[in-house]
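Using the sequences provided together with the hints, build the complete structure.
Line order of the protein sequences matches chains A and B. The numbers in our numbering rise by one with no breaks, and the one at position 165 of the first sequence is 204. The numbers in our numbering rise by one with no breaks, and the one at position 329 of the second sequence is 378.
These aren't lab readings, by the way, just hints derived from the structure by calculation. Ideal placement from N, C-alpha and C gives every residue a C-beta, glycine not left out. Careful: at least some of the hints might be erroneous.
[Stated by the list, open to error] Selected chain B positions facing chain A (in silico; Cβ < 8 angstroms):
#1 A89
#2 T269
#3 N302
#4 G306
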Amino acid sequence: MDLILVNLIDGLVTGLLLFMLSAGLTLIFSMMGVLNFAHASFYMLGAYFAYSISLALGFWMGLLIAPLIVGVAGAMVERYGLRRVHQYGHVPELIFTFGLALLIEELVQFIWGKNQMPYDVPDILNFTAFAISGNSIPAYKIFMIFISVGIFIGLLYVLTKTRVGMIIQAALSYPRTVEALGHNVPLIFMGVFGVGTALAGVAGVIAGPVLGTFPGMAFVLGSIVFVTIVIGGLGSLWGALVASLLIGWITTFAKSYNIEMESILNGIGIATPENMDDNMFRDFWSLTSPQIADILPYILMVLILIFRPAGLFGKRTQ
Amino acid sequence: MKNITKIGAVSALSLIIGASAAFAETIKVAFIDPLSGPFASTGTNGLHQFEFAADYMVNQNGGLLGGTQMEVVGFDNKISPKESLIQLQVAIDQGIRYIVQGNSSGVANALTEAVDKHNRRNPDSRVLFLNYAAVDPALTNDKCNFWHFRFDAHADMKMDAVTDSITSDSSIDKVYVIGQDYSFGKAVSAAANKFLGEKSDTIEIVGDELHPIGKVKDFTPYSRKIVASGANAVITGNWGADMLGLGKSIVENGYSGPIYTYYAAGSGITAAFGETGKGAIRLVGEGQVNPPPSDEAAAYYTAFKEKYPDGNVDQTRISNTIGMLAKAIEEAGTADDVVAVANALAGMEYDTIWGGKVMMRESDHQAIQDLHIFEHTNEGIDFPYDNSEYGVRVIKTIPMASADIETTCEMKAPS
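So, in C-alpha cells, the structure goes:
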C-alpha cells in the first residue's frame, strides 16, 4: 500500500517531465504540421547550458537563463531555417529537423565532450523531503512537481484566457483567416516555436541533475515524446498532460511490480505448458512486466491509433 | 631479356632497402577499439593510456632490442565486430604483429577467432592478440587459443572477489542483483548466484533482474524495489550512463548499503557521482592508484596527467600489457617471431609498478594478479579521477585472486 503511494509520486514526476517536453511539441506540431525531431535536442541543450551557467552563477541563474537561450535559439531556427524550408513542403521540413537533431548532438559532443557532466542537484534542495516506509522522496522531486505544475497552469492561462492565446488557438485551426484579419501569423509561429523549445529547455534544466547530462539524453527521450502527443491528441494541452501522466504511471508501475506473463495467462485460463524447455513460446511465457515496461507506451499508441486516431483529446480529423 | 634482368635487379635492390628500412622501423602495436561514436571517450582514453605507456615505459628507456622504438597505432572499429575484422586486416597488411583490444567481448570473440584462422593460414605474418579488457570468461576457456592473452581478470574472477568481500562482511544478509539485459549483464547475474550460493548459506538473493540496456530514462522504480526488498548490498555489472543513473537513483531514494560494481570510475562517472556515491560505490579491479603503491606508480601517474590533463589512468593493466610485451620481446630477442614472444609471455611473472605481481598462466593465457575492492571517496585520494576531488581507494586486497580458478582451455601450441 505504501509502495503504491510512492509509485504514484514517482510516476507523477516522470509524467510531468514528459509533459513539459510534449506541451511544446504538440503546439508546434499542430501549428506547422512539422514533427520537430530536434525537440528533444533542445531539451539536451537546456541541460548543458544550465550546467555551464551553474558553474559560474549557480543553479538558479541556470534555471532562469538557460531556457531563455534555448528559446531564442529555437526561434532563430524557425525564422532562418524552418521558414525557408517550409515552402518546399513537409518532407524537407522533416528532414531539416532530423538533420538539426544530429547536428546538435555532434555539436554538444564537440563542445562538452562525450563524458557525463557533473551537473548536480543544488545543495539547498539536496535533502530528503519525507519518507514513506523507508522510501525517501527527495526534495528535488517535489520541486520538479511544483515547477511543472506551475508551467502547466501558466500555459493554460495564456492559451485560454488571454488575447495572445486566442490568436494562437485561432491560428492553429484557421491560419489563413487569422492572417486575413491582419495578424502576423509567421511571427506567431516563431513565437510558439521559441516558447515550445524554451519549455523543452526548462525540462532539460531540471531533469539534467537527476536523469544525467550526457550526449545520449536526447536520444533516450526522443521517441517517447512523439508517442505522448499522438496518444494525447495533436494540439491539445490537456491531452499532452493526460497522456504524459498515463505514460509516467504505466511505466513506473510496470517496473515496480514483477508481474509475470505466466500468471496473467494462467489468470485468463491458459495453462502453463508442461515441458517449457522445447516450447516455442518459452520466452513469451517467461516475460515479466519490467522487461516490457518501456514498450507499453508504444502498444498504447498503436491501440489509440486504431480505435481513436485523433488521440484522447484530439479535435482535428483528417 | 636484359631488361628483365635489370628490372629484377632493381626490384631485388628495392626489396632489400625496404626490408632494412622496415628493420630500422618501430615495433608497431595496433589498437583496435572505438574511436568514434557513443563509446569514443572510453576508446580514446584507452588509446592515450597505451600511447603513454609505450612512450614512458619503453621509448624513454632506450627502446627495445637495442634501440627500436615502440609505436601504438589507433584503428577505429566503431565497436562493431565486422569493422574490427576489416581493421585487423588493415593492421596485418601494414606489417603490424601485435593487436590490442578491450572494449566489448563481442569484438574480442570475433578477433580471437580471426587471429587464430589468420595465423594458421599465414605462418609468415602471424600476429598476437593482447586483450586488455574484454572479460567474457569464454575467451580463456572454451574459445582460448595460443595467440590470445588476457591481461584483465575475467568476469567470474572479479565476481569471486566481490562475493569474497560480501561474505566476509557479517552485516550483509540480503543481496540484490541488477544488470543490463544482454550477455554481460546475464553473465554477472549467473556468476553472482553461483558464487554466493557456494560461499554462504545465510545470504539471501532478494532480487535478480535485468533492465533494457541504454534505454532506461529514470531508474526510480528499480530503486524502489531495491529499497523495498530490504537489501543491504547491491551487485551490478552496469556501465556508462546506466551505471550512473542506477547508482545515483538508488542512493537518492533511500538505500544506504554498498553497491558493488565493475565499471563505475573514470570517463566522467566519478565526477558525476561526486558526493552521492561516497560510501556507496565499491568497485572491483586490478591496479591500486590510491594510496599509490610505489613511487614509480606516483611518478607514472603524474607524468600521465602532465601529458593528458583531462585523462585518467583508470586501466592500470594497460601499462602491464605494454610492460609484459616489452619484457617478452626482450626475452625472445625478436619482435618478428611472435611464437617466441608468445612463449616468453606464457608463464611470465611480472613485477608491476601498481603493486604485486602479474602472472600469465600458461594453461589458458589468463593473467593472475591482485584484485582490489575500491571505494569511491574524496578522503585519502592522491590521484583523483575526472579532475574532481573524488577517486577510488583500496579497501580490501585479494592477493593473486582466483589463481586456481578452473579452465576448460586446451592450449595447442603451433607446430
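Residue hint A89 of chain B, partner chain A, criterion CB-CB below 8 angstroms: 6 angstroms, holds
Restraint outcome when T269 of chain B is required to lie within 8 angstroms of chain A by C-beta distance: Result: holds, 5 angstroms to nearest chain A Cβ.
Minimum beta-carbon distance criterion (8 angstroms), G306 of chain B to chain A: 12 angstroms, violated
Interface restraint verdict for N302 of chain B against chain A (beta-carbon cut-off 8 angstroms): This interface hint holds because 6 angstroms falls under the 8 angstroms limit.
Of the numbered hints listed earlier, the single one contradicted by the structure is hint 4.
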